[in-house]
Amino acid sequence: MGPGPSPAPGRRPRGLRPRPVVAARPSLAAGGAPGPAAGRGTVHGVLLEVAGRGLLLTGPSGAGKSQAALELLHRGHRLVADDAPELFRRGDRLWGRCPPPLRGFLEVRGLGVLNVEALLGPEALREEVALALVVELVAEPGPEPGGPAQEREPPAEDAPDRLRPARGTVALLGLPLPRLRLPAGPGRPLGLLVETLARQEALRAQGYDAAADLAARQAGLLGAARGAGP
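Positions 645 to 874 (our numbering) are the ones given, in order, by the sequence shown.
Among the hints, a few may not be true.
[As the list claims (entries may be wrong)] Label-pair ranges, simulated between beta-carbon atoms:
#1 Gly871 to Gly831: 42 to 50 Å
#2 Glu784 to Ala863: 26 to 34 Å
#3 Arg753 to Ala868: 23 to 31 Å
#4 Leu866 to Glu771: 48 to 56 Å
#5 Asn759 to Ala860: 47 to 55 Å
#6 Thr840 to Phe732: 38 to 46 Å
#7 Gln850 to Pro766: 25 to 33 Å
#8 Ala869 to Arg737: 45 to 53 Å
No lab work stands behind these hints, which were simulated from the structure alone. Since the model is a prediction, treat every value here as computed from it, not as a measurement. For every residue, glycine included, the Cβ atom is placed at its ideal position computed from N, Cα and C.
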C-alpha cells in the first residue's frame, strides 16, 4: 500500500502534538480524593519550574496557560513540558517530564510554535521536576454576550475570603497535591500572578500565612485600642 495523502498546507500532521483531555491512563485521577496508585500517566497542561518548585498550569483551552508560561520564562523560570507532560511516581513524590519529540517547544496563541532554547537559551529548560503545586486558570464571570453590563452583587457572608485564593486538592497518580484556582481575565498579568502564587505557597509550606499574619496584627491593634479605653 502506498503512502497516504500529504497534510493540507498550514496543517500540522497528526501525532506531532497530542492533546489528551484526560490522562492517557485512567489512574491519573483529577478528583479531590487520591486515585489508585499507578506508575505513570499524561495530563493536559503546562509544566514549569517556578521559583525552584514544580508547578502544573491547567485550565480550559484559551484560558492563557501558554501565555502565562511564556511570561514566566521571561521572568527567569523554566519550562519542563507544554501541552502533554508525562507524570510518574518516584518514591512518595510525583515527578513530571516532557515526551522527547515535544521537548523545548511551546505553542502560544497568535505566535505559533516557539523553540524555547533557541529564543531564551538552554537555561530556560528543565528536563524533569518534582511537582509541588497545581494552578488552575478559570474564567471570570462576565455579562451575557451582547447584553448590558450588570452590577456585581455583594459577596455572601459565606463567600470565600477575598484575601485567600480558592484552595483545594487534586489527586494525580494517587498522590494529593495542593490546587489553587486563579481567575484569568483580559488584561490580567497571569505570569506575575502565577509566580506570586507559587512564592506564597512556598512560604505557606514553611509555616507563614500572610493573611493570618495581617489578621493577627489587626486583632492586636484592636485589643490595644480597647485596653487603652477612653
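Checked hints:
In this structure the hint that Gly871 and Gly831 lie 42 to 50 Å apart at CB holds, the actual value being about 46 Å. In this structure the hint that Glu784 and Ala863 lie 26 to 34 Å apart at CB holds, the actual value being about 32 Å. At about 53 Å, the CB distance of Arg753 to Ala868 disagrees with the hint of 23 to 31 Å. As the Cβ distance of Leu866 to Glu771 is approximately 52 Å, the hint placing it in 48 to 56 Å holds.
Between Asn759 and Ala860 the beta carbon distance is about 49 Å. The supplied range of 47 to 55 Å therefore holds. Between Thr840 and Phe732 the CB atoms are about 29 Å apart, so this pair departs from the stated range of 38 to 46 Å. With their beta carbons about 30 Å apart, Gln850 and Pro766 fall inside the hinted range of 25 to 33 Å. Between Ala869 and Arg737, the C-beta spacing of about 48 Å keeps the proposed range 45 to 53 Å intact.
Checked against the numbered hints given earlier, the structure breaks hints 3 and 6 and satisfies all the rest.
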